[in-house]
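J.: What follows is the residue order along each chain.
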Amino acid sequence: MTRLQRSILFAGSLLLAMSVRAQGDALRGATLVQQGDGNGGAACLSCHGSDGAGNDSLMAPRLAGLDATYLRSQLLAYQQGRRQGALMLPNVQKLTPQQIADVAAYYAGQHARAAKAPAATREQLTLGERLATRGDRERYIVACSTCHGPGNRGVGSDFPALAGQHAAYLQQQIHEWQNGNRHNDPDQLMLAIAGRLNEAEIQAVALYLAGLPPKE
Amino acid sequence: MRASRLLVLMLLSACWPALAQQGVPVKLPPYEPGQYVHVAPELDALMSDASINAELKKVILRGRDIFMNTQQFRGKYVFNGMDCKSCHLGEGALNWGGPVWPAVTTLPDFRGKNQHVNSLEERIAGCFAFSMNGKPPEYGSDDMLALVAYHQWLATGAKVYERNIGGRGFSSLGSKMPEGTSYQRGEQTFREHCALCHGVDGAGRQQDGKIIFPALWGDDSFNWGAGLARVETAAAFIHDNMPLGKPGSLTVQQAWDLALFVNSHERPQDPRYTGDAKATRKLYQNFHNGTLYGTEVNGHVLGQHDNTGSKPFLKPDVLRDRSFE
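These protein sequence lines are chains A and B, in that order. Here the first sequence stands for residues 1 to 216, numbered as in the working numbering. Here the second sequence stands for residues 1 to 325, numbered as in the working numbering.
Looking at chain B on its own, in the form it has when it is part of the complex (with noise of 0.2 Å):
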């Protein structure tokens, strides 16, 4: 009796962890109270409706396949190592993960960035000079035209015009950045959970020529115009995005640590440059008071430079003013 006892208890031990399905969790942010949610369709259901014109379909898939594959121009619209997949997660749907069809349904729109009113293409074409630091395509263009069909059709049955949306862009942690913040503890955070992808100089990883996981500095990067070197805004697509596949699973401090650390680092030239970094902060400080652009880091003044990666240009025709008057 006593022996079979302790077979059971022993098999039951062996068992146990058997029985236990391990896992990581998911740990997004919840939407708040009266947000609004859109999940956008899925290709399959591209794939699959007869009612999206033949050729609609074609323009469509066209304009995902650049922004899944925007490597495919590089030297013509883009000039670092990043697809538009890199920033924008989930096929530019993922709510948390910088979603794009917002753009569709809340613009034109007055945008602080360039102080004027800002079409779709021009939203688009601001990917392109900054994250991408490339060269637009041109308006009207066939591949605009694509990628604008893409987005929309992300958007589908999107409410336009709302403004409160849950999961969109990446501002889940706030603008304020933690007092004591800490560049040490962001570069061991880094090396423990980010350098296996990104590789410990941030140069990402490439397997036989192709772009794996994206530069997060140096020239293959995004330039210092881009949204994500903003401190606050790498924070969070930290925080709801990396490692990719653990949402949520570094701590909001270990985020804002990481964000300090790597946008501490150099980057291609701001298109906007006047040849000052302090005055290009100052003439674009709504933007740049949340970058270190201009602003002295280890014994130096971030952005004080002419390198504008392998861009033979430092800005794109088609960034200019815009004005009604």
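So here's chain A without its partners, still in its complex pose (with noise of 0.2 Å):
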């Protein structure tokens, strides 16, 4: 895809989500939840659980108390082939703005728990720790914390909270950026600091991530 073409689909998602103007309906949203869409679109909570919880060995995010439109955008982003899952697509490719939006205010409102972070080493946990809080500096890896925010619980909507985010997710979608199958990053923010990083920091920087406390 050209950059142009990357661009107009962007700006068109762009107006795609502010057309949605009523709010997401989060009672609407648990029924999608847990029925699916009826239109071949499976129910959420078989991967995502109905709490919001996630799966660590599906790759399925914990999407609980993340930030909505965050989540609006992303479902978006599946749609237009910005964000890329042979799972995730046929269960969300037939969703309706609207009911996109639902699902994400269900979601953004249930309670964040921490995620069971997989065992880890020593070492592991230093490098991942500062990656996340002091990034690596001769090497232009910026710190998570700078945009992801203090304790990495996230910034707006732009910016997702990491904290207690499943490590396995986490690993995966660095590797979607390296590989180019995610690019909804706005600026290629993202995509600068993935494509710095080797594995064993990849894996270390999920590890310690995924142990942080998602709530102050």
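Any given hint could be a false lead.
[As the list claims (entries may be wrong)] Okay, the calculated beta carbon distance ranges per label pair:
1) B:Lys210 to A:Ser50: 29 to 37 Å
2) B:Asn298 to A:Thr121: 56 to 64 Å
3) A:Pro186 to B:Val37: 53 to 61 Å
[Unchecked claim] A few chain B residues that face chain A, going by a derived Cβ cut-off under 8 Å, partial list only:
4) Gln152
5) Gly245
6) Leu314
Read the hints as simulated data drawn from the structure, not as lab findings. Quick caveat: nothing in here was measured; it's all calculated off a predicted structure. Note that the Cβ used here is the ideal one computed from N, Cα and C, for glycine as well.
Join these two chains into a complex; the hints should help.
T.: See below:
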């Protein structure tokens, strides 16, 4: 896809997002989460849980407590091919903008609990903490917390919470940026960082972030 | 045979995007031949260096803490939304990102900005008075000593009085704004590449009451006497550092356009204000020749106001002339 095509798609998605004037309805969202959209989309809870806790072994991220606008823009990104997922696409491709807003409102309102972080070595946690809170100056790896905020608990609708997110999912997503499957970050800000991380660092930072408390 | 070839081809093409790793290049100006380059030490080195006295370590870490979280002194030393690290990237140690260690190895020296010989403490005080729109910690105070200790530790091993330093300050684009630099284009580029973090209104971004991205103009930003109010300084800073993680991704002209746009907005008064912005501009011409202060922009003389932001005074006492006569 050319840059222009991407820009047009992006502009289109912005317009689409803005056209959903009504706030998402968490109650209607709950029905979708439990029953699917009746249009081929499976119930979200089968992977993400009705409480939005997600499932590390399925690489299904925790959605509970994430920013509603962020969740909404991610679902749109799947529909538009700016995020890819063989599992996600068939389940979201027929959701209407209103249904997307409803599901997002539901999961955003769920209580965020810490993910069960897989075992990590002390070296991994030290390296992970270093990358997450200080970065790597000489390699131009900006610390996660610079944009994702204090404690990596997220900033607004553009910089999602990473604290307490499943490690396998975090790793997978950094790889998705590296291999070009995910390109819905504003101004390639995340691609810039993801492209500079090596495997050991990706693993370490994911393990460290997964172990952080999602709330202060 | 044909079908299997086709299959291989299809598989290859399916794998192709996954094989090509994506990324964003880091484009920094090259060091010039003969330039001195210092790589400041990392925090890990401080922690593991048994030769550094434990009490000194504590003081250096205290200085680092003030540097990274200057907002803890909001209303005391700082009256805007800036931390030292807002302008001095990479914990004050990043070349091209305003590394602070050269202040240690080049001062005391004569400084054009205030026309006298400055100490390191006085240089740091300048940052507080202008960039933080504040009141510097007292000379010789614990907080000032801690800041000096952090600066000096960053200069560990660096050559004293070496002046030809690679990656120093923000001056890689020279001082001549290209003709045709455009406010309108700057505004457009700002919306595309800057507003996400700094806000369409330039007011920066906060989360849970904490500053995440600093304000670029307005009451929460640096005042008219700060180095970054100079268009040339801001242009170089932007080009070599912004958007964060993508140095050199904007064109030189985009950086100039952005610097002109950002610095065409109002900000807290220059502490050296005489009551007349045009006169103040003239009085400090060697500094303000780089700013738009005291000039008319969009039908308004920039800096002709009594607004000192949230700072309840104009000039901190510490700003004074010095003479050895």
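J.: If a hint holds in the structure, say so; if it doesn't, say that too.
T.: Status of the hints after comparison with the structure:
no., hint, result
1, B:Lys210 to A:Ser50: 29 to 37 Å, "holds (33 Å)"
2, B:Asn298 to A:Thr121: 56 to 64 Å, "holds (58 Å)"
3, A:Pro186 to B:Val37: 53 to 61 Å, "violated (33 Å)"
4, Gln152, "violated (18 Å)"
5, Gly245, "holds (4 Å)"
6, Leu314, "violated (33 Å)"
The structure is inconsistent with the numbered hints 3, 4, 6, although it conforms to all the rest.
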